[in-house]
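Novice: At position 166 of the sequence shown (counting the first as 1) the number is 166 in the numbering used here, and the numbers step up by one without a gap.
Treat the hints with care, as some may be off.
[To be verified] In silico DSS-like links for lysine-lysine, alpha-carbon gap of 30 Å or less:
1) K579 x K86
2) K585 x K325
3) K86 x K395
4) K321 x K163
5) K86 x K163
6) K579 x K325
7) K395 x K325
8) K321 x K86
9) K585 x K503
10) K321 x K585
[As the list claims (entries may be wrong)] Pairwise CB distance ranges, derived in the manner of DEER restraints:
11) E577 x D241: 40 to 48 Å
12) M18 x V176: 29 to 37 Å
13) A90 x F512: 15 to 23 Å
14) L541 x P191: 46 to 54 Å
15) F512 x V164: 52 to 60 Å
16) P231 x K163: 53 to 61 Å
17) D160 x V604: 33 to 41 Å
18) T175 x G22: 28 to 36 Å
19) A404 x S582: 22 to 30 Å
20) F247 x I83: 38 to 46 Å
21) V176 x G10: 52 to 60 Å
22) K325 x V176: 20 to 28 Å
23) P589 x R157: 37 to 45 Å
These are calculated hints, taken from the structure and not from any lab test.
For each residue, glycine too, the CB sits at the ideal point set by N, CA and C.
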Amino acid sequence: MTMNLARRFGAMVEALDMAARGLAGVALIVELLVVLADVSARSFFGFSLLWSHEVSEIALSVITFVGGCVAYRAGHHSAVRIITDKMPAASAEYVLLVIEHLILVLAATVFYSAQQLLEINMLSTMPVLGIEVAWLDLPALVGMAMLVLFCIESILRRYDRRKVLRVAPAMLVVTVVAMFLYLGGSIAVQPNDALLIMLAAFFIGVLLGLPVAFSMTFASLLFLLVSGEAPVIALAQNMVDGSTSSFILLALPFFIFVGLVMERGGISTKLVAWAMAMVGHLRGGILQVMVVTTYLVAGISGSKTADVAAVGSVMRAELIKRGYKQEEGAAVLSAATAMSETIPPSIGMLVLGSVTPISIGTLFLAGIIPAAVVALCIMLAIYLITRLRGEQPGKRASGSVMLAAAIRAIPAMIMPAIMIIGIRAGIATPTEVSAVAAFYGVLLAVVIYRAIGWRDFCRITAESAVVSGMVLFIIAAAFAFSWALSAAYLPQQLVSFVHGTSKAVFLIESIFFLIIIGSLLEGLPALIILGPMLLPLATELGVGSVHYAILLLLAMGVGIFMPPLGVGFYVATAVLESKLESAAKAMLPFLGVLLIGILLVAFVPWFTDVLPALFE
Numbered sequence: 001m002t003m004n005l006a007r008r009f010g011a012m013v014e015a016l017d018m019a020a021r022g023l024a025g026v027a028l029i030v031e032l033l034v035v036l037a038d039v040s041a042r043s044f045f046g047f048s049l050l051w052s053h054e055v056s057e058i059a060l061s062v063i064t065f066v067g068g069c070v071a072y073r074a075g076h077h078s079a080v081r082i083i084t085d086k087m088p089a090a091s092a093e094y095v096l097l098v099i100e101h102l103i104l105v106l107a108a109t110v111f112y113s114a115q116q117l118l119e120i121n122m123l124s125t126m127p128v129l130g131i132e133v134a135w136l137d138l139p140a141l142v143g144m145a146m147l148v149l150f151c152i153e154s155i156l157r158r159y160d161r162r163k164v165l166r167v168a169p170a171m172l173v174v175t176v177v178a179m180f181l182y183l184g185g186s187i188a189v190q191p192n193d194a195l196l197i198m199l200a201a202f203f204i205g206v207l208l209g210l211p212v213a214f215s216m217t218f219a220s221l222l223f224l225l226v227s228g229e230a231p232v233i234a235l236a237q238n239m240v241d242g243s244t245s246s247f248i249l250l251a252l253p254f255f256i257f258v259g260l261v262m263e264r265g266g267i268s269t270k271l272v273a274w275a276m277a278m279v280g281h282l283r284g285g286i287l288q289v290m291v292v293t294t295y296l297v298a299g300i301s302g303s304k305t306a307d308v309a310a311v312g313s314v315m316r317a318e319l320i321k322r323g324y325k326q327e328e329g330a331a332v333l334s335a336a337t338a339m340s341e342t343i344p345p346s347i348g349m350l351v352l353g354s355v356t357p358i359s360i361g362t363l364f365l366a367g368i369i370p371a372a373v374v375a376l377c378i379m380l381a382i383y384l385i386t387r388l389r390g391e392q393p394g395k396r397a398s399g400s401v402m403l404a405a406a407i408r409a410i411p412a413m414i415m416p417a418i419m420i421i422g423i424r425a426g427i428a429t430p431t432e433v434s435a436v437a438a439f440y441g442v443l444l445a446v447v448i449y450r451a452i453g454w455r456d457f458c459r460i461t462a463e464s465a466v467v468s469g470m471v472l473f474i475i476a477a478a479f480a481f482s483w484a485l486s487a488a489y490l491p492q493q494l495v496s497f498v499h500g501t502s503k504a505v506f507l508i509e510s511i512f513f514l515i516i517i518g519s520l521l522e523g524l525p526a527l528i529i530l531g532p533m534l535l536p537l538a539t540e541l542g543v544g545s546v547h548y549a550i551l552l553l554l555a556m557g558v559g560i561f562m563p564p565l566g567v568g569f570y571v572a573t574a575v576l577e578s579k580l581e582s583a584a585k586a587m588l589p590f591l592g593v594l595l596i597g598i599l600l601v602a603f604v605p606w607f608t609d610v611l612p613a614l615f616e
């Protein structure tokens, strides 16, 4: 009887998962069509669809909370498992079981918070659509309810029942006690103590394997409970605002969509062929091709995971064929993808532009040359390493081969050109231009290259919505965490800490700091939290805001791909099917090269300033 109930519950959750994927995919297509319709109406008929922004916000909320919760069940939410992986199996299982229960409690708490927010916003209406603002909050309510069910299903399916019966009552007691203490007003500490408790909870959660998004949610909730700065409703309010309040974030799902279309559509193979014709004859030819291809691919997808998958999946067979170690390939791929964080279009640039007053178009231009500088440093290192071990250069491709490869790659390279020209010329906003680029990418893969059928297109759409939901859910949690840090007066403490620091020392310290934090926070949360805090300090010390923003992006990129914590490094090793420990050793010299490249960009501002000045 119990087994039948468990199977029925599992089947129900599976059906719910499929329905949620479909809903998130539909929301992505609706958002894309609405933005394209607005661009077309303004361009061809001279008027705007005033309701388009509000519809897009609702769609984005659906992607964030419905797609983000489905992403949890699919295992997309990244977690640092270094400590739990080294524990005895039984102990590690208990830790992971506690984490699963903690996420269940967090989901229920955010559900309660979202319910309160929804009731309040039922009294307000959107100015154009005339419907309740609560429609923005409803996806959070639905998503958290789904997440509760997903956690219960995961606990029942993955863990030994005896261990569950030990952990569940203990977690219930802790939750009930915390709730009574909070409601009774017995918990109240000073802001500095609340800040320490919040940061300790966050870092302990991350190091024990709690996914980054939920670590930030847990730390934010804990701050609200112990400080009394605001009611728990502030948690849902900041998460909803963080995922929907910035028009720029509407572009994020489009970039991820294009990245997956590019990867599944085989568009990257055209760029690999072009890079092979250009630099394949150099020492370390395949490794050099990997760097150049990553630079080119990054100008299409905007997503680092898509870049790794697109380049790595194509290059893996070539590495083996030409006798290169896959571990060395994983190291070069990690270094190259870390470098590409400032190549437009970049999700990091979009996020940084959404939380700071810097123009997205200026960031797009400013990042091109710094990425090229770091790429040349990596290519020089490859040349020296392969020369020292006696590798000979290959045969140079003929002019006709290079020309043919370039012609085949041109349709793919038009995409970044559309974005940069469209934004800098003021033709459309970054969101609108990204929608046009996404539409062009679909035409490229489905119509021109005919690499994707309509059934594959539907699957890619749903998967894009889920991956976008994961990223946006992290951003939503980061906004709540950033709000809590501000409420605990962390920005003021940072100002007093760096007061009197020289410009050079500040640059070096912040680069190293963001590399470390970027490896823990998966990059984007680090930008959301630290960008608005550090940027004013940089300008006060005489560092250009655009220059410093590019340094933040480069440092964050290195952090994401830095072993042993960087999530991107694990993705690269998985795609190239290489051994983790050997790849980490092979990565060490390239980490040094990346650091040299970033310091070169840091102390030569011309690299970041020249293109924005040229196109003013």
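Novice: Run every hint past the structure and note whether it holds.
Specialist: These are the hints, each one checked on the structure:
no.: 1; hint: K579 x K86; result: 17 Å, holds
no.: 2; hint: K585 x K325; result: 12 Å, holds
no.: 3; hint: K86 x K395; result: 47 Å, violated
no.: 4; hint: K321 x K163; result: 48 Å, violated
no.: 5; hint: K86 x K163; result: 20 Å, holds
no.: 6; hint: K579 x K325; result: 10 Å, holds
no.: 7; hint: K395 x K325; result: 21 Å, holds
no.: 8; hint: K321 x K86; result: 35 Å, violated
no.: 9; hint: K585 x K503; result: 33 Å, violated
no.: 10; hint: K321 x K585; result: 22 Å, holds
no.: 11; hint: E577 x D241: 40 to 48 Å; result: 42 Å, holds
no.: 12; hint: M18 x V176: 29 to 37 Å; result: 35 Å, holds
no.: 13; hint: A90 x F512: 15 to 23 Å; result: 38 Å, violated
no.: 14; hint: L541 x P191: 46 to 54 Å; result: 26 Å, violated
no.: 15; hint: F512 x V164: 52 to 60 Å; result: 43 Å, violated
no.: 16; hint: P231 x K163: 53 to 61 Å; result: 35 Å, violated
no.: 17; hint: D160 x V604: 33 to 41 Å; result: 58 Å, violated
no.: 18; hint: T175 x G22: 28 to 36 Å; result: 33 Å, holds
no.: 19; hint: A404 x S582: 22 to 30 Å; result: 37 Å, violated
no.: 20; hint: F247 x I83: 38 to 46 Å; result: 40 Å, holds
no.: 21; hint: V176 x G10: 52 to 60 Å; result: 28 Å, violated
no.: 22; hint: K325 x V176: 20 to 28 Å; result: 55 Å, violated
no.: 23; hint: P589 x R157: 37 to 45 Å; result: 43 Å, holds
Violated hints for the displayed structure, listed by number in ascending order: 3, 4, 8, 9, 13, 14, 15, 16, 17, 19, 21, 22.
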